[in-house]
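Asks: What follows is each chain in one-letter form.
Protein chains: 2
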Amino acid sequence: MKKYGFILWLTGLSGAGKTTLTQGLECELRKRGCLIEILDGDVVRTNLSHGLGYSQEDRNTNIRRIGFVANLLSRNGIGVIVAAISPYREVRDELRETTNNFIEVYVNAPLAVCEMRDVKGLYAKARSGEIKGLTGIDDPYEEPINPDIVCYSSQETIVESITKVTTFLEQENYI
Amino acid sequence: MKKYGFILWLTGLSGAGKTTLTQGLECELRKRGCLIEILDGDVVRTNLSHGLGYSQEDRNTNIRRIGFVANLLSRNGIGVIVAAISPYREVRDELRETTNNFIEVYVNAPLAVCEMRDVKGLYAKARSGEIKGLTGIDDPYEEPINPDIVCYSSQETIVESITKVTTFLEQENYI
Chain X
1 MKKYGFILWL
11 TGLSGAGKTT
21 LTQGLECELR
31 KRGCLIEILD
41 GDVVRTNLSH
51 GLGYSQEDRN
61 TNIRRIGFVA
71 NLLSRNGIGV
81 IVAAISPYRE
91 VRDELRETTN
101 NFIEVYVNAP
111 LAVCEMRDVK
121 GLYAKARSGE
131 IKGLTGIDDP
141 YEEPINPDIV
151 CYSSQETIVE
161 SITKVTTFLE
171 QENYI
Chain W
1 MKKYGFILWL
11 TGLSGAGKTT
21 LTQGLECELR
31 KRGCLIEILD
41 GDVVRTNLSH
51 GLGYSQEDRN
61 TNIRRIGFVA
71 NLLSRNGIGV
81 IVAAISPYRE
91 VRDELRETTN
101 NFIEVYVNAP
111 LAVCEMRDVK
121 GLYAKARSGE
131 IKGLTGIDDP
141 YEEPINPDIV
151 CYSSQETIVE
161 SITKVTTFLE
171 QENYI
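Protein chains in written order, with the numbering used here: chain X, 1 to 175; chain W, 1 to 175.
These are calculated hints, taken from the structure and not from any lab test. Only true hints are included.
Residues from chain X that face chain W, not an exhaustive set, calculated with beta carbons under 8 Å:
{"no.": "1", "residue": "LEU35"}
{"no.": "2", "residue": "GLU37"}
{"no.": "3", "residue": "ASN47"}
{"no.": "4", "residue": "LEU48"}
{"no.": "5", "residue": "ARG65"}
{"no.": "6", "residue": "PHE68"}
{"no.": "7", "residue": "VAL69"}
{"no.": "8", "residue": "LEU72"}
{"no.": "9", "residue": "LEU73"}
{"no.": "10", "residue": "ASN76"}
{"no.": "11", "residue": "ILE78"}
For clarity, every value in this text was computed on a predicted model and none was experimentally measured. Don't be surprised by glycine CBs; every beta carbon is placed ideally from N, CA and C.
The following block holds chain X by itself, in its conformation from the complex:
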């Protein structure tokens, strides 16, 4: 039986390719007639979490808020794609239990690759000491132990990554 709504939760380092994969998935899933909503970590932070910082507690509060909103959408039949570093395993595991059809997608790229890409210039700033608490540099990233899907963005093409996700969604009767 077809499942009702889902949350593709893309976790990974800054620069791992979460946004690129999000955009590709959005396009592909819309083409297939799915209702899709994107929750980007940075955008949600602006709208729901202004005033929160980057401590473990504040990061987790932000992630729980994204989860709350994602769940409202998912339980109404919407396919939600979340792109958020979400560095702490405990909160991701909590969301798996508390939200509707949570699917953990680990966007896995080596730190060296993310740092070379440095799309937002954050790694350079962290290395020069201009910013503190960047995940992967001086703040932890706890890898998923048992993610539903792993996309190796430095070793596979974007089409291969998208196909991995859509194949999973098909096999599990989400689409």
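On the provided structure of chain X, position chain W as indicated by the hints.
Replies: Just chain W now, with coordinates in the frame of chain X:
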């Protein structure tokens, strides 16, 4: 042509009957086959706005967050019912402009009636000085100037109020 999603934004004093009307509308609209999601001001405050207080700025931030979430749902075809005092006109008017199919429902009951009901015991606490900043007592409530619907909860039955809202939704092609 049928409109896609809507936000029934119930504004009014504490005790005016927003929650009662919300429950009645939820039941009636679900019976008609609508996808309905409830955003209760207090519940959203717990999940999205923990740490915010009751200053004008904090109240408005909370209302904008509810509006952000309501808009995500509404633009995906969901009927959203928001029950929140939302005392400031400016932010309600802002949401009318920035969200998908915003419908202002003024749940209008005289302060004396709300205070007599005192469902949550807040008015007694405000009168005794135990709490400060209760809307209608020592914090402002700015009435809607041109609401889409007014329900006079102390003069009409709940069925009459529900019918007012559903008639509006029918006439405007929301349902």
